[in-house]
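Residue numbers (my numbering), protein chains in the order written: chain S, 1 to 188; chain A, 189 to 471.
Because the hints were derived from the structure by calculation, they are not lab data.
Check each hint, because a few of them may be wrong.
Label pairs and their in silico Cβ distance ranges [claimed, not checked]:
id, chain 1, residue 1, chain 2, residue 2, range
1, S, Ile127, A, Arg422, 37 to 43 angstroms
2, S, Phe95, A, Arg195, 40 to 46 angstroms
3, A, Phe397, S, Ala100, 23 to 29 angstroms
4, A, Phe397, S, Ala117, 30 to 36 angstroms
5, A, Thr213, S, Arg162, 39 to 45 angstroms
From the three backbone atoms N, C-alpha and C, an ideal C-beta is built for every residue, glycine too.
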Amino acid sequence: MIITPKIALRIGLFLLAGILFQVSFFSKIELLGTSPDILAVIVVCLGLLGGSLAGAVGGFSVGLLIDCLMAEPLGATALILLGVGYCAGLYRERFDVTSALIPPLLCMGMTFAALLAFSALQLMLGIDVGVSIVVARDIIIKSIYAFFLGVPIYLLMRRILRPALIDHREARRRVRRRGRGRVRELTA
Amino acid sequence: MYRKQVRRRRAVLALLVIVAFALLTITYGEAPGGLQNGVSAVFAPLEEGADRALKPARDAINWFDETFDARGENEDLKEELAEVRSEVAAGRAAVGENLQLKELLELRDSGVIPGGYEPVAGRVIARSPSLWYSTVTIDIGSSSGVAVDDPVVGPDGLVGRIKAATGGQAQVQLITDPESQVTAKIADNGAQGIVHPEVGETDDMILDFIDSQKRIDRGDMVVTSGWRSLDGERSSKFPPNIPIGEVTEAPIAQQEASQEVHLEPFSDLADLDYVDVLTGGSR
Chain S
1 MIITPKIALR
11 IGLFLLAGIL
21 FQVSFFSKIE
31 LLGTSPDILA
41 VIVVCLGLLG
51 GSLAGAVGGF
61 SVGLLIDCLM
71 AEPLGATALI
81 LLGVGYCAGL
91 YRERFDVTSA
101 LIPPLLCMGM
111 TFAALLAFSA
121 LQLMLGIDVG
131 VSIVVARDII
141 IKSIYAFFLG
151 VPIYLLMRRI
161 LRPALIDHRE
171 ARRRVRRRGR
181 GRVRELTA
Chain A
189 MYRKQVRRRR
199 AVLALLVIVA
209 FALLTITYGE
219 APGGLQNGVS
229 AVFAPLEEGA
239 DRALKPARDA
249 INWFDETFDA
259 RGENEDLKEE
269 LAEVRSEVAA
279 GRAAVGENLQ
289 LKELLELRDS
299 GVIPGGYEPV
309 AGRVIARSPS
319 LWYSTVTIDI
329 GSSSGVAVDD
339 PVVGPDGLVG
349 RIKAATGGQA
359 QVQLITDPES
369 QVTAKIADNG
379 AQGIVHPEVG
389 ETDDMILDFI
399 DSQKRIDRGD
409 MVVTSGWRSL
419 DGERSSKFPP
429 NIPIGEVTEA
439 PIAQQEASQE
449 VHLEPFSDLA
459 DLDYVDVLTG
469 GSR
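Okay, chain A solo, but in the shape it has when bound (with noise of 0.2 angstroms):
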């Protein structure tokens, strides 16, 4: 009897593991499918009443660690404080160029987002798990028009794209997801490069492949290039000029050894609440 179950137990265990690799087979690499799409769709309503429901518990609990961050970063604060005084007493225009920042900042209002693209707002009712898939759910689906490739942007500048859309929500495949890689420029001189991230890095991406002849500095905005082949027929899935973030550090040697630059993304994509899906978009 005992050897019978023993058995038993141990033929569910291998067809399990079984069906385990033989799934992720399949699917690796592979666009969501039609399993994955249904699921999602019967769960959406029960995701979304849990996120509501626990919204109140969730933002006290975060309250918390942006209150303990913040004592951390005063002293930090301290020092840049006085690092941007004696800039702004050299006679530095910061002011300027902070105005500048927030003109490109603000999409919806500053034609940032290109003719062709509708805004659909969007809430995040759920999120990845995992560090190693930077993936998010949004309540909005194909129902109101948003679709596979769709760019996602926040109201600091880009999140990502749809990665899988059904009725009634998408899952978006943020910036920082080890497969997401958005060809960028340096809205100043236009450098061209590949930005992609480091797995588990929410706050520091790489600018790749950059131009060695073009040089770059620190506080450089890293835009969206938005191209487009010649024939046509290939573009890029994320229309020109939408903000990514800010270079952060860029030496010299690195530059010329790796072609590479570090920066950090405008979006605050470890606390996303709603997101903007450019739809109808010609890509």
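Isolated chain S, as found in the complex (with noise of 0.2 angstroms):
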């Protein structure tokens, strides 16, 4: 991905716009008494698009900024999210994502080990209260809707950054007939 200010700016407002939706309205909603997680899918879909710094630096600036938005211990969200954004970057950078279906199973697998993490971390950190076996059942939950917002999430991330993907077909179009213009000024 070629990351221009102006792309960046489409990141920081599409990143925005999701931990609004994540505060305001998934985080309120509760399906089979859970309540999906977009945060990691977002990250996660960033990754797979701009690569592992454009992950890990969006899953970081998303963590830092739930962190303070929800007043909760600075950097644990931060530190959980940048590894999944330079993960699902790594991964983008070393195959090629051949399937349809690549994108909602990182975003389930993602999200499944950044909430496996996160409690992780709490339980290293120290918790005084016992912890219920609702905390897997939520893991799972989410990790399964985590699937199926994947697949809307990625398509509607990948077309608003389509300018900045190299991959795309008119970015190709656009490299190739580049390419003509200067094998024709090199001829000529």
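Could you fit the two chains together into a complex? Lean on the hints.
Have a look at this one:
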């Protein structure tokens, strides 16, 4: 992905909208006793489209903003989402997204890993009270939601970031046209 | 060129990890600081706007979920109804008890809220996405007289306390937050204890350190104890006699062995819309 100031602004606005949707909408609805979590999904999609650096920076920013907004200990969500974004980006850099199922599957897997890591971090930091089995159920159901939310969020983000994607058809055409132009200049 | 890119990428990653760990180390267990308050203040109007705009869609989804739940509950309710009928037939004054409970629950009108407190109504505009933090954001803050540690109540009972407040909004730590502990007592016999949650549970809490000499039964009401030290220097963050919940499980063996009973909070903490912040009290 080619990150210009315009694209950075688009990414920022998209992440901001995602955070607002999470705290004002998804966190306040309940389906099967669990609220969907789109933060990890957004960060995975960003990593898949923008690579590991964009994923890591995006994940860190989203996490830090959530920590600030909800008056939670700073850095916990940031650390987990930073890892999620980086891993999703690494996948993009090492493998091709050859199937339409890969983004939602990665969203599901990474959400599961993120929630598990977040729980482990909280336990390491020290919790004085017991932990209910509901937490495990919550992690599983949220991961399933992430699969279904992964499809529209990935497509939406891909559409928004289209001008910056080097593997996109239009961008490819543009590159080809530029290439032909250069060849003509050289042959003339 | 590629190596340079990889090195830069790794450097940024390492820097971000270090910053995250540093922030976590500095802020864990501390009260929210200036950065968090500043960001909250800037985002308050956006959160409020988003909350209002998304309310119809949220209500529609929640309606589906409640309808789905109601189907499953129907069978249970039928069994419960049969039990209640037999109890009524046996002569238990369930209706009288119910009226008594209702009187206690109508907080504002019944005078349960002690003198000196001024209730200020606020709307819940955001909620923490994690089960590990039960925090909600409300649309009133220090400009409405809200201060840190002010008790927060809902129409049915205690909800939590103010964790942080800025001009136009405040964060409420719910009683189901892992860091929350409320000194409480059984309304009937005065047995004292501490109410704390289990991470993940929104409708099952634990009343711990109860006096094993006093018997606690299922259905007993748990209220805040609102203690104050003899010299008056230290006191509970909550005023006395605010309803918290009802004892759901109180086996004698558990009471004697681990000195704890389970209770269900009266407030529907998973679906909060409006709350009252009790401002100006002398804690």
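_Need the list of violated hint numbers for this structure, in ascending order._
1, 2, 3
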